[in-house]
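S.K.: Heads up: the protein sequence lines correspond to chains A and B, in order.
Under the working numbering, think of the first position of the first sequence as 1, with each following residue one higher.
Under the working numbering, think of the first position of the second sequence as 1, with each following residue one higher.
Just to be clear, a hint being listed does not mean it is correct.
Where chains are identical, the list cannot tell them apart; a pair therefore holds if satisfied intra-copy or between any two copies.
Stated by the list, open to error - 25 Å max Cα-Cα, derived DSS-like pairs, lysine-lysine:
| no. | residue 1 | residue 2 |
| --- | --- | --- |
| 1 | Lys230 | Lys33 |
| 2 | Lys27 | Lys129 |
| 3 | Lys27 | Lys171 |
| 4 | Lys27 | Lys388 |
| 5 | Lys16 | Lys388 |
| 6 | Lys171 | Lys129 |
It should be emphasised that the hints constitute simulated quantities derived from the structure, not laboratory data.
Protein chains: 2
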Amino acid sequence: MENFTFYSPTYFIFGKDEEKQVGHYVKRFGGSKVLVHFGGGSAERSGLLNTVRCSLREQGIAFVELGGVKPNPRDGLVYQGIELCRKTGVDFILAVGGGSVIDSAKAIAAGAVYDGDFWDYYEGKVVEKALPLGTVLTISAAGSEGSGDSVITKEQGMFKRATTGEALRPKFSILDPALTQTLPSYQTACGITDIIAHLYERYLTNTQDVEVTDRLIEALLLTMIKEGPKAVADANDYQSRANIMWAGMMAHNNSCGVGRSQDWTSHNIEHELSALYDCAHGAGLAVVMPAVFTYNLNHDVMRFAKVAVRVWGCQMDFEHPEATARAGIVALREFLKSIGMPSNFAELGAKAEDIDELTHKCCYGGVNSGTTGGFVTLHEADVKAIYKLML
Amino acid sequence: MENFTFYSPTYFIFGKDEEKQVGHYVKRFGGSKVLVHFGGGSAERSGLLNTVRCSLREQGIAFVELGGVKPNPRDGLVYQGIELCRKTGVDFILAVGGGSVIDSAKAIAAGAVYDGDFWDYYEGKVVEKALPLGTVLTISAAGSEGSGDSVITKEQGMFKRATTGEALRPKFSILDPALTQTLPSYQTACGITDIIAHLYERYLTNTQDVEVTDRLIEALLLTMIKEGPKAVADANDYQSRANIMWAGMMAHNNSCGVGRSQDWTSHNIEHELSALYDCAHGAGLAVVMPAVFTYNLNHDVMRFAKVAVRVWGCQMDFEHPEATARAGIVALREFLKSIGMPSNFAELGAKAEDIDELTHKCCYGGVNSGTTGGFVTLHEADVKAIYKLML
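Build the full structure now, drawing on both the sequences and the hints.
M.R.: Here it is in structure tokens:
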């Protein structure tokens, strides 16, 4: 294990109907003039936004609203949000939605108290200050409710870039599994896939002697394998959604990723897909992960064999560990198919002729300088080969 | 899963030599006049206290010192510490030691800003305010570095009682696995046993549909089984100590215990042993746990079978699940023996003739009113029978 710091000061309020107390928590964490940030019409239709408004009013908290966050959230709306915060004197941001809404809210929170262009933070500048932020989560996926991370897409050129910082960790997050029961099964499955990816990105490490975090990651993967299909099959299965919701937070607040190198190849390669085609991030990851893992398999056969045996229940082939390692990747792919995720470029709506562009953006976009990946350092030719494995 | 809140705002600094920065972190979290609280001579002999003093001086932070905390920390020293804080205007407590030192520091932190007798908090009063607290941990065991819990022994009558509160969570905790390398193997093993107990106390639940926390607990138990014996066999095995140290924190900050009923029978029954005989808490737990689990086995055979199969690697006996459940308890007992822990009253230095007194104190001491246990409600006759199983 390597030296590390870990700080997860978010107050989590978990369970049915807890969103009714959101005003109380905004007040507790110092909010008096709130920007309520949300996505499309579903939070309105489900009545959630009204619950939030009532609770804020009950506590005498003033608020302004900014809706319209789309999946793969854009910088355009972030600029609008920053402007609105400054104009109206907002001192607290409340994100009501999924990872896209929360990520957009984080960008606004950082940008509102920064003199320069908020995009600087997505090009490498460290976030040191932000407005305080709370969340009411509506989908288990990104883990943004418990992380200091944010991913935004720049409309000009359709680049998707990430930032991170302690100041971006929410002050509180309300996690009511019942709020996720209105999701279509496809979106539920996309969220499950994203959580699984967060776990694999941490599992694929070059650090030795990390049994505790290996085991914690495996625990969360096993949870997703048991609970995921139940939530996809029956939207109203509160208990499976509850298990997934806590697993999704734990998968990404980094308590199971500390002290070890991490990968993030699959996310980097996927980001170009969802930026270009506006496909769901989880769906993109379902196509990307098996390709990346297959390409990188020989870098550490025993690690892939370990996850195959411990998580996917494969029998260890002691004469041919590589066969076990491959069986684990097949099991992952089959699992993702079984919950309705795509397996290849065609099913995702991606095109072979874009591979050169995707590869170039992945390797040279933003702060990247020709390579990607923490587990195996991948150059342009490698990334291109990985995209081709997805055809 | 049940509704819950979870809040773990401690800043963890983990790894070799990180204690050299302790002054920086005290300053970051607002300390200007510090009480350095510690145990016996080992922190002095190892040079740790000097490292701490140097770091505080480098940052220009004034401090007073109070040593002498013993295992099973007493109220007498707590009163001294409170007095010292008030007299010298201390605004931050720094605990340098293990769970006993940290628990004593928490009691002082709460008592120093309370007009009444601090013991009120250990008789049921809720802790709402305390001085800020930091820790430099020297043994992986109690998990007090990441929890809001504290256990103190009242000298008059030798009662051991616990309290908990968000205000008692440390602002920061420095976890350097190398600091635990000077521990004798017996103390290392006691710490390992305590961590295992924290996991079992959470595992034994009556809440249904808790796969995510079941799996997380199992992950940490598996880690202890792999890494524990390595640390006991070779004091200088930094990596096994690192894995144990993070597992010990995760086992008790409650991220793996949320949303489920918990047990705490073994701790309650053990507390009377270490209060009366001043034995190591971990050693007491090693004797208590197999007895409690054997006594409670029929309450939920499948839960005991599950931990036997998933953690201890027992084969499931589908015709006789109870046999598997029992095999898991035997495996636990053998594991504890293998790391040098006692198995019965005699090895612990406890006496059969005290069982009536132990039972009475356990059931009626403090806020207890005749029963104990969250998994199975145990009355006096049950507790007595459990103590007898330890003979």
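S.K.: Now, for every hint given, state plainly whether the structure supports it.
M.R.: Right, here's what the structure says about each hint:
Neither within a single protomer nor between protomers do Lys230 and Lys33 lie at most 25 Å apart by alpha-carbon distance, with minima of 40 Å and 55 Å respectively. Taking the shortest alpha-carbon separations for Lys27 and Lys129, both the intra-copy value of 20 Å and the inter-copy value of 19 Å come in at or below 25 Å. For the homomeric pair Lys27 and Lys171, the shortest alpha-carbon distances inside one copy (11 Å) and between copies (22 Å) are both at most 25 Å. Within a single copy, Lys27 and Lys388 get their C-alpha atoms no closer than 52 Å, and across copies no closer than 53 Å, so neither meets the 25 Å cut-off.
In the homo-oligomer, the alpha carbons of Lys16 and Lys388 never lie at most 25 Å apart, since the shortest distance is 44 Å inside one protomer and 44 Å across protomers. In this assembly of identical chains, Lys171 and Lys129 lie within 25 Å of each other by CA distance both inside one copy and across copies; the values are 13 Å within and 20 Å between.
Comparing the model with each numbered hint stated earlier shows that hints 1, 4 and 5 do not hold.
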